[in-house]
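J.: The listed protein sequences correspond, in order, to chains A and B. With positions in the first sequence counted from 1, the corresponding number in my numbering is that position plus 6. With positions in the second sequence counted from 1, the corresponding number in my numbering is that position plus 6.
Hints were generated in silico from the structure; no laboratory data involved. All values derive from a computational prediction rather than experimental measurement. Be careful, since some hints might not be right.
Since the list gives no way to pick out one identical chain from another, each pair is judged satisfied if it fits inside one copy or across any two copies.
Computed list of lysine-lysine pairs in DSS-like fashion (alpha-carbon distance at most 25 Å, straight line) [said to hold, decoys possible]:
#: 1; residue 1: K165; residue 2: K111
#: 2; residue 1: K297; residue 2: K86
#: 3; residue 1: K374; residue 2: K231
#: 4; residue 1: K213; residue 2: K188
#: 5; residue 1: K293; residue 2: K350
#: 6; residue 1: K318; residue 2: K350
#: 7; residue 1: K297; residue 2: K55
#: 8; residue 1: K165; residue 2: K52
#: 9; residue 1: K86; residue 2: K318
#: 10; residue 1: K231; residue 2: K318
#: 11; residue 1: K374; residue 2: K350
#: 12; residue 1: K297; residue 2: K80
#: 13; residue 1: K374; residue 2: K293
#: 14; residue 1: K80; residue 2: K318
#: 15; residue 1: K55; residue 2: K231
#: 16; residue 1: K86; residue 2: K213
#: 17; residue 1: K86; residue 2: K111
#: 18; residue 1: K55; residue 2: K318
There are 2 protein chains.
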Amino acid sequence: MEFEIIHIDARTGARAGIIRNRGFTAYTPVFMTVGTQGTVKALSPKDLKQAGVQIVLANTYHLYLRPGTDIIAKAGGIAKFMSWDGLTLTDSGGFQIFSMADLTKIEREGVTFRSHLDGSLHFLSPEQVIEIQGEIGADIIMVLDECTGYPLSFERARKSAELTIEWAERSRRRFDELGLGKQQAIFGIVQGSTYETLRRRCAEELKQIGFDGYAIGGLSVGEPKSAMFEMLTATSDALPWEQPRYLMGVGFPEDIVESVARGIDMFDCVMPTRNARNGSLFTSRGKLVVKNAAYAEDFRPVDPECDCYTCKHFSRAYLRHLFNAGELLAPYLATLHNVTFFQKLMVQMRQAIVEDRFSEWRKGFLSKVSSEQD
Amino acid sequence: MEFEIIHIDARTGARAGIIRNRGFTAYTPVFMTVGTQGTVKALSPKDLKQAGVQIVLANTYHLYLRPGTDIIAKAGGIAKFMSWDGLTLTDSGGFQIFSMADLTKIEREGVTFRSHLDGSLHFLSPEQVIEIQGEIGADIIMVLDECTGYPLSFERARKSAELTIEWAERSRRRFDELGLGKQQAIFGIVQGSTYETLRRRCAEELKQIGFDGYAIGGLSVGEPKSAMFEMLTATSDALPWEQPRYLMGVGFPEDIVESVARGIDMFDCVMPTRNARNGSLFTSRGKLVVKNAAYAEDFRPVDPECDCYTCKHFSRAYLRHLFNAGELLAPYLATLHNVTFFQKLMVQMRQAIVEDRFSEWRKGFLSKVSSEQD
C-alpha cells in the first residue's frame with residue numbers, strides 16, 4: 007500500500023492524499039462505508055460505485071463467526087466474495103468483541119468471548135486476529151486493541167494502553183512472519199482514553215514498532231467533544247506525518263470536518279447507513295426525518311441540492327409511504343442518499359484543501375449545519 | 007389503450023401482441039410484476055427496467071388504505087408517485103378484501119370490511135372502486151368482483167357469478183360517466199368457479215357489457231390443474247379474440263407456458279418476488295433453495311445461463327451468506343434474479359410464437375423443468 011500526500015492546508019493542517027493498493031485508488035480524506043458482514047446494508051456494489059465509495063470496511067469478528075474465514079479465503083478474499091472492485095479494510099473485531107459479544111476474559115494472551123449468534127465459546131490472540139485477517143484478505147488490516155469506555159481512571163487507561171501496545175507489537179511480528187505485507191497493509195491503534203500523556207506515549211510506542219498507518223481508537227464513546235478534539239490534536243502531533251491517520255467510528259459530518267482540520271485522513275462510521283434505515287436523512291440543510299407526518303404530501307426531493315438516484319426520482323411523500331409500509335425500497339433509497347451525501351462531503355472537503363480554501367469552506371459548512379431544518 | 011395481435015400460433019392458439027398506452031408499450035404475452043404498495047418489493051424502477059419489466063401491478067386495496075388515494079392523485083398518479091416509466095395496472099382490491107381484510111358483509115350494494123392495518127371499518131361499492139382507481143390513475147383498471155374459494159357448490163358459484171356480472175355492469179357505467187376511458191382501460195373479470203357453463207355464461211355477459219380486456223379470476227385457488235386448464239380453454243373460447251386476456255394470479259412458469267398455449271396474453275403473480283425473499287430461486291434447471299447448506303462453498307452463479315446482475319457478479323455461497331446473515335442485499339439480489347427469469351421466459355415464448363415454433367419450444371421447456379435440480 008502506498009500513501010501519498012498531495013497537499014496540506016497551511017492554516018489548519020488538513021491533508022489531501024492518495025492511497026493506492028492492488029491497482030485501486032482512494033482519495034483522502036476518505037470516508038469508508040461500513041459493510042460489517044461483507045455487504046453494505048441495502049446497497050449493491052454498483053450502488054456503492056455510483057455513490058462514490060472508495061473503501062468498504064468489513065468486520066473480522068462478524069466474518070470469522072459467519073460465514074467463516076475459510077469460505078472467504080476460498081472465494082479469493084473479501085473483495086472478490088462480495089464482488090467489490092475497490093479497496094477494503096477489516097476492523098480487528100476488538101470493538102465488537104468488547105461491545106457485542108459476551109466477553110468472558112481478557113488476558114495478556116488474548117480474549118475469550120461467547121458469540122452473539124449462538125453463544126459458542128471462542129479464544130482469539132492478537133496473532134490469530136492477524137492470521138484471520140490475512141485469510142479475509144482486505145487491503146488494510148487492524149491490530150487487536152483493548153476497547154475501553156468513558157469515563158476511565160488514569161490507572162486503568164494506562165494499563166489498557168500498555169496491553170494495546172504489547173498486542174500491537176505481537177500483531178506486527180505475526181504480520182511479518184506470515185509475509186502479509188506483500189498484499190496487505192497493517193495499522194496500529196492509539197488508545198489512552200482522554201489522557202493526553204497516554205495518547206502521546208501510545209502513539210510514540212506504535213511509531214517505534216512501525217505501521218503502515220495509525221488509527222485513533224476509543225474516541226466518540228461518550229466523552230465531551232472538546233476532549234475528543236484535544237486528544238485528536240495531541241495524537242496527530244505525535245504520529246508520523248507521512249502516513250495515513252484514521253479516526254475510528256466518527257461520525258457526524260461536522261465532527262468529520264473538524265477532524266480533517268486536525269490532520270485526519272480516514273474515517274468510518276455506521277451513521278449514514280444505520281440512520282438511513284431509521285428514515286433519518288442527511289441533507290445540505292441538516293437532518294430530515296422522512297417518516298414525519300409533515301412530509302405526507304411533500305412532493306419535493308429529500309435534498310434539492312443532491313443529484314443521487316433517490317433525490318432525482320423520488321419525493322419525500324413517496325419515501326414516507328415506503329417507510330410506513332415497511333417496504334424494502336425504503337432502506338435502499340435512504341441508504342443510497344446518505345452514503346452519497348457522506349461521499350460528496352469528502353469530495354468537497356478535498357477540493358477545498360487542494361485549492362487552499364479549506365478554512366473558508368469549513369466556516370460555510372458549519373454555519374449551514376447550525377441552521378438545520380430539523 | 008390499444009391492443010394489437012401480431013401473430014397467432016396455428017397449432018396452439020398462443021398469441022403474440024402489443025399493448026400501447028400513453029406512449030408506453032408492452033409486448034405480450036406479458037408477465038406483470040407485482041408492486042402491491044406502489045413498489046415492487048426490494049427493487050427500484052431502474053432495476054425493473056433492467057430486468058425487462060413492462061407492466062407493474064399495484065393494489066387498490068392497499069393504496070386506498072395507505073398512503074391514501076388523495077396523496078397518489080396529488081402526486082400525479084401511481085406511475086409518477088413511484089417514478090415508474092412504464093405501464094401500470096391496478097387490481098380492484100377484491101381479492102385482498104376477500105382474503106386479507108376482515109370482511110364483514112357482502113351485499114349487492116358493495117362490500118363492508120375492516121382494514122388489516124388498523125381495524126377501521128370501510129364500505130366500498132363497485133362504483134367507488136372505479137372512482138378510486140380513477141384517482142390512482144393506472145393504465146389498466148379492474149372491476150370489483152366477488153372472489154370465491156374452492157370447492158364451491160354450483161348454486162353458490164352461480165349466485166356469485168351473477169353478482170360479479172351485475173357489479174361489472176355498474177363498474178363499466180361509472181367508468182363511462184367519469185370519462186376515464188380517455189386515459190385508462192377497464193377490464194372485466196370472468197368468474198364461475200370450476201363450472202364450464204358458468205364460465206361461458208359469465209364471459210358472454212361481460213362481452214355484452216363490453217370491456218377493453220377480460221381477466222379470468224378465481225383460478226389457481228386450490229382446484230386441480232386439469233380443472234384450471236379446462237376452465238381456461240372454455241373461457242378463452244367465449245371471449246372476443248381481438249382483446250387481451252389476463253389470467254390473474256398465475257403462477258408457476260410451467261402453468262404460464264400452458265396458459266399461453268391456451269391463448270392467454272397477460273399474467274401476474276407474487277411468486278417470483280415472494281419466493282425470492284425466501285431464498286427460493288428460479289433457474290433454467292429448476293428451483294434452487296440458496297439457503298441450503300449444499301451451497302455454503304459453491305462459488306458458481308445461481309444460474310450459469312442467466313446474465314442478470316446477480317448471476318454475473320455473485321456466487322451461491324455469497325447469497326447463502328447474505329440470507330443467513332439477514333442482510334438486505336439478499337432479497338434484492340434474489341428478487342432481481344427471479345424477476346429477470348420470469349421476464350426472459352416471456353421473451354423466449356413470444357419469440358417462439360412469432361417464429362412459429364412455440365410447440366417445439368414448449369416441449370423443450372417442459373422437459374427441462376421436469377428434470378429439476380431440486
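J.: The structure should be examined with respect to each hint, and the outcome stated for every one.
T.: For each hint, the structure was consulted:
1. For the homomeric pair K165 and K111, the shortest alpha-carbon distance inside one copy (16 Å) is at most 25 Å, but the shortest distance between copies (73 Å) is not.
2. Taking the closest pair of Cα atoms, K297 and K86 come within 25 Å of each other only across two copies (20 Å); inside a single copy the shortest separation is 36 Å, beyond that limit.
3. When the C-alpha separation of K374 and K231 is checked against a cutoff of 25 Å, the pair qualifies only within one copy, where the shortest distance is 19 Å, while the shortest distance between copies is 65 Å.
4. Taking CA atoms no more than 25 Å apart as the test, K213 paired with K188 passes inside one copy only; the shortest distance there is 20 Å, against 76 Å between copies.
5. In this assembly of identical chains, the alpha carbons of K293 and K350 lie at most 25 Å apart only when taken from the same copy (16 Å versus 42 Å across copies).
6. Proximity of K318 to K350 under the C-alpha cut-off of 25 Å is restricted to the intra-copy arrangement: shortest distance 16 Å within a copy versus 29 Å between copies.
7. Within a single copy, K297 and K55 get their C-alpha atoms no closer than 27 Å, and across copies no closer than 28 Å, so neither meets the 25 Å cut-off.
8. In this assembly of identical chains, the alpha carbons of K165 and K52 never lie at most 25 Å apart, being 45 Å within a copy and 55 Å across copies at closest.
9. In this homomeric assembly, K86 and K318 come within 25 Å of each other (Cα to Cα) only across copies, at 13 Å, whereas the closest approach inside a single copy is 31 Å.
10. For a Cα distance limit of 25 Å, the shortest separation of K231 from K318 qualifies neither inside one copy, at 35 Å, nor across copies, at 46 Å.
11. In this homomeric assembly, K374 and K350 come within 25 Å of each other (Cα to Cα) only inside a single copy, at 15 Å, whereas the closest approach across copies is 50 Å.
12. With identical chains, the CA atoms of K297 and K80 are at most 25 Å apart between copies only, with a shortest distance of 19 Å across copies and 43 Å within one.
13. In this assembly of identical chains, the alpha carbons of K374 and K293 lie at most 25 Å apart only when taken from the same copy (12 Å versus 54 Å across copies).
14. Within a single copy, K80 and K318 get their C-alpha atoms only as close as 40 Å, which misses the 25 Å cut-off; across copies the closest is 19 Å, which meets it.
15. Within a single copy, K55 and K231 get their C-alpha atoms no closer than 32 Å, and across copies no closer than 47 Å, so neither meets the 25 Å cut-off.
16. For a Cα distance limit of 25 Å, the shortest separation of K86 from K213 qualifies neither inside one copy, at 32 Å, nor across copies, at 58 Å.
17. Taking the shortest Cα distances, K86 and K111 never come within 25 Å of each other, neither inside one copy (35 Å) nor across copies (57 Å).
18. In this assembly of identical chains, the alpha carbons of K55 and K318 lie at most 25 Å apart whether taken from the same copy (17 Å) or from different copies (17 Å).
Of the hints listed earlier, those the structure fails to meet are numbers 7, 8, 10, 15, 16 and 17, in rising order.
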